[in-house]
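Asker: Listed in order, the protein sequences are those of chains H and Y. The opening position of the first sequence corresponds to residue 1 in this note's numbering, with each subsequent residue numbered one higher. The opening position of the second sequence corresponds to residue 1 in this note's numbering, with each subsequent residue numbered one higher.
Hints in this document: simulated from the structure, not taken from any laboratory. Just so it is clear, CB atoms sit at the ideal spot from N, CA and C, and this is done for glycine as well. Do not rely on the hints blindly, as some may be mistaken.
Some chain H residues flagged as far from chain Y (calculated, every beta-carbon gap over 12 Å) [stated by the list, open to error]:
(1) L49
(2) E53
(3) M653
Listed below are the simulated DSSO-like cross-link pairs for lysine-lysine, each with C-alpha atoms no more than 30 Å apart in a straight line [said to hold, decoys possible]:
(4) Y/K81 / H/K51
(5) Y/K102 / Y/K63
(6) H/K51 / Y/K37
(7) Y/K37 / H/K6
(8) H/K51 / Y/K88
These stretches of chain Y come out as covered by chain H in the derived footprint (C-beta under 8 Å, 3 or more residues) [claimed, not checked]:
(9) 54-64
(10) 93-106
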Amino acid sequence: MTRRQKALENLNREINDHIEQDTQDHIARGMTPEEARRAALSAFGNVGLVKEEIRAVWIPIWIDQIFQDARYGVRMIRQNPGFSVIVILTLALGIGMNTAVFSVFNAVLLRPIQYPNPERLVSLSTQDIVFNSEAVAKADWMDWKDQASSFERMVGYGPSDQTIATGDDVTRARVMVVSEDFWEVSGARPVLGRLPQIDETNTLLLSHKFFEQQFHSDPNVIGRTIDIDGQQVVISGVLPEQFRFQLSPPVFPGFDSVSDVAAYRPMLHLPEQRVRSQNGVAINLVVAKLKPGVSIDRARTELKAIRTRIAEANPKWFTNQKQLSVLPLREKLVGDARQALWVLMGAVAFVLLIACATIANLLLARSSTRQREIAIRISLGAGRFRVLRQFLVESTLLALLGGAAGVLFARWGLAIVLHLIPQAIPRLTEATIDGRALTFALSTSLFTAFFFGLSPAIALWNVNVHNLLKDGARTFSATSGSLQVRRLLVVVELALAVILLSGAGLMVKSFWRMNAHGPAFDPEHILVMKLQFSGLQYREMARQRAYVDELLRKIPSIPGVQAATVTSPGARIFLFVEGVSVPGAAPPQAAVFNATSAALTRVMGLRLVEGRWMTDGEPAPVAIINESIARTVFDGRNPIGMRVRLPGRPPSMATVVGVVADLKYSKLDAKPEPEVYVPYAHTPALGRLTVAVRTVGDPLASAPSILKTISSIDKTQAVFDVQTMAEAQADSIAPRRFSLFLLGIFAFTALLLALIGIYGVIAYSVRQRTHEIGIRMALGAKSGEVVRMMVRQGIGIALAGIIIGLAAAFAMTRFMGSLLYDVEPTDIETFAAVAIGLGITALIAALVPAFKAVRIDPINALRYE
Amino acid sequence: MSTKDGNNRIELLQGTLDLLILRTLQRGPVHGHAIAKAIERNSEDVLQVEQGSLYPALHRLIKRRWISVEEGVSENNRRAKYYSLTAKGRKQLDVETTKWDKLAQAIARILRPAEQDGKP
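Bound conformation, chain H alone:
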């Protein structure tokens, strides 16, 4: 029994005792029992009222009334199920989108890194503008580690995709090579097995996911020896399920996505890696942990001093082109995603505002039918504040239901987004609907309740009770105030929709610009896949070449295949041009050297601008450059016949025989790279290859036979990442697709809600003026005139919304600069398209109810009420 029930029972007993005693007193004075009881009851007064009054003493009256309002609210919601469902769904949409975006925002921007003392973790890198890389030479890192006193630990790490033989299966997986400090900095504790000991290098630690997928969670794998890229290593442990690699992802060429790390290997430290030479260096990424109390500025100053000493000791080595960057790890991790997330968060908040306005509009429309009820309540003595509270309680109930449904929506939405574009944003896969996201959803619901609950209450503030209750009074006429509020709400909706549509429009245009390519390059019909030589037998270039020769001989004979080629994008290296570059000094330009075959032009549709393309079996080394190089390095001089230095030792020279057009085939949103193409026969090593095959039909249909052919050459060499060129390109702009996808959905929702809004207002005004329209038509007004009359106000609303929206969009799109590609944030074309498009759809939304007005039969209209 609750305390309240007990107290009520006590009270009942007390009152009964009182009456009983009074009755006894009366009997003692000589009354009959019936008379006595009647007298006692009448002396006591109204028992129910007394109890009510006492309850009011117990509980402050407003709490009681809120429960009353809530019960009433529930009744109203159940009485209008259709209306309630629409409101709840609209809200669920708004709150769900907001909660989903917030959970991503939370995971990426707000939630700290899960390693101990994340605030002390800093990312150290030397950024090279020419090479567009930010790795640290291993020799530098080792000197920093020995000399710097600001850091407690300094982790060197580097990813590599390696071929792992797990029993009879061979798979490619991302392996992170980490120095021993990683285990201390990450605080990782294996759930099975143990961490590698210092100087124990032939061991492997599995991530939990990889352990499950490849080893079926078999605990006996600990101690098992497996083959990685031809090396034998022992599995020493399995990491916990929730453990994530959270150091900054690499930006090496070739490592495009931040896929999950499958396994960890200890880093080898070779003495020769401390030697600085021009021949190329081992590099890795560095994250360090500051000592407690050491500021990041002090650490930066110290590192600069160490670098100066290194530069003095190695004058030839140090080219001063590298910039030191010392950033908090958290900032480094988020990178460019920060702006995109803020833009998305703002956009989705606008969607919620529009949803609120839509619901406020719906409630206003309904409140006109509830005026009589409210008038009765007011005339029976309900204060206006009581009526206001009634509205707020009702809207809170709706908002909480909407919020609950919204959380479900958010979970689905998040699952879909994670499934579609997991690599869009670093740490995106960590996004979950956690306590913070739920709190966010709840507070958003309450905010919306206040927003959309208040507006009908305000519109009804000046309800004229007397007029409303007069018999036969026209209920609609008293609500011109409410119509004003509704028009205003629709203007706001349209303005917000214009902002969102402009943002989405700019992104669509960016995409269009990114995907613009020549007609010969047809990514839909190109199949690409990756291949990396592994195993001792492929250490020799001759073996690699022989493999490629056979590959290029066999694949084109498969039915449906038009042409096949390989490209091996080497690292960017300095472009040394004989007679142009100054010997001894570092050349100012770097270029990507692609080892490829003659078929590249046919596969990719590469257009020759000058000279000739390569053939298979060139007698002497040749090079073909792209227009970017011709423009910048040769600067107007004819490059044909000039000689460039090829990568590798000893240096060899190749003669430039042709110039081809720039082609963006890997990263769509980057500027065209300066590229040099050389025959694969003349390159010192191939290493990682991309096989590209042009097919007649669907490339994915030909994929099985192509893969079978490749595996028939040497089945120990695994092919991976098989996809069409179009898919590969789409992946390269995953972050932008993520933003566009979400902004597009937001803008579309906004448009839909705004159109419903304008339709609703016109329809409402038609209903309100049915009588007047009837009279006009009876007096001979043409239907065209009536339509014009009704649409005119719609146009007014639309124009106001569009103009305000354009002004706001003009001011706001500049915040999305980094999301755009080759498009100005204030692109006039986009703005004009949005304004015209929205104007036309708004006109249609207004025309539909206006035509309904014309179809009104004057007789019926005049009989109306």
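Following the hints, complete the assembly by docking chain Y onto the known chain H.
Answerer: Structure of chain Y alone, referenced to chain H:
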């Protein structure tokens, strides 16, 4: 609070009931029915308290911590709630009594100015 039989009984002023209850409890713990009877008796049946209205007043006073309540056994051997003054209630009774005296004098002065002024 209503008149019962005829015009010879007076309705209570707002808040007066509280004062009467406090005064009744001055002599020690009393149960509900007895409070009603005591008020009636002591006013020589002029003041008619609608007995039911006594209870909301009692609960209000408990909430203000001017009186406290405990279970006890009534004269006819039934369990009953006994109300008694708290220290705070005792102080309040003094305050209310003083206030009441002032009010009564002031009203008397307005209603019969001559009599009042005539007596120095």
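Asker: Can we trust that H/M653 is non-interface, i.e. its beta-carbon lies farther than 12 Å from all of chain Y?
Answerer: Given that every Cβ of chain Y is farther than 12 Å from that of H/M653, nearest at about 100 Å, it holds.
Asker: How does the coverage statement for the stretch 54-64 of chain Y fare against chain H, requiring three or more residues with Cβ below 8 Å from a Cβ of that chain?
Answerer: Check passed, 5 qualifying residues.
Asker: So H/E53 supposedly isn't at the interface. Is its beta-carbon more than 12 Å from every beta-carbon in chain Y?
Answerer: Label violated. Min Cβ-Cβ 4 Å, cutoff 12 Å.
Asker: Do the alpha carbons of H/K51 and Y/K88 lie within 30 Å of each other, as the hint requires?
Answerer: 26 Å, holds
Asker: Compare the distance between the alpha carbons of H/K51 and Y/K37 with 30 Å, and conclude whether the hinted pair is satisfied.
Answerer: Cα-Cα ~20 Å, so holds.
Asker: Would you assess whether H/L49, listed as outside the interface, keeps its beta-carbon beyond 12 Å of every beta-carbon in chain Y?
Answerer: At about 7 Å from chain Y, H/L49 fails to clear the 12 Å cut-off, so the statement is violated.
Asker: Hint check: Y/K81 vs H/K51, CA-CA at most 30 Å. Holds or violated?
Answerer: Roughly 17 Å separates the two Cα atoms, so the pair holds.
Asker: CA of Y/K37 to CA of H/K6, is that 30 Å or under?
Answerer: This hinted pair holds, its Cα atoms lying about 27 Å apart.
Asker: Straight-line Cα separation of Y/K102 and Y/K63 no greater than 30 Å?
Answerer: Holds. Y/K102 to Y/K63 sits at ~27 Å (cutoff 30 Å).
Asker: Using a Cβ cutoff of 8 Å, are there at least 3 residues of the stretch 93-106 of chain Y near chain H, or does the coverage claim fail?
Answerer: violated (count 0)
Checked against the numbered hints above, the structure breaks hints 1, 2, 10 and satisfies the rest.
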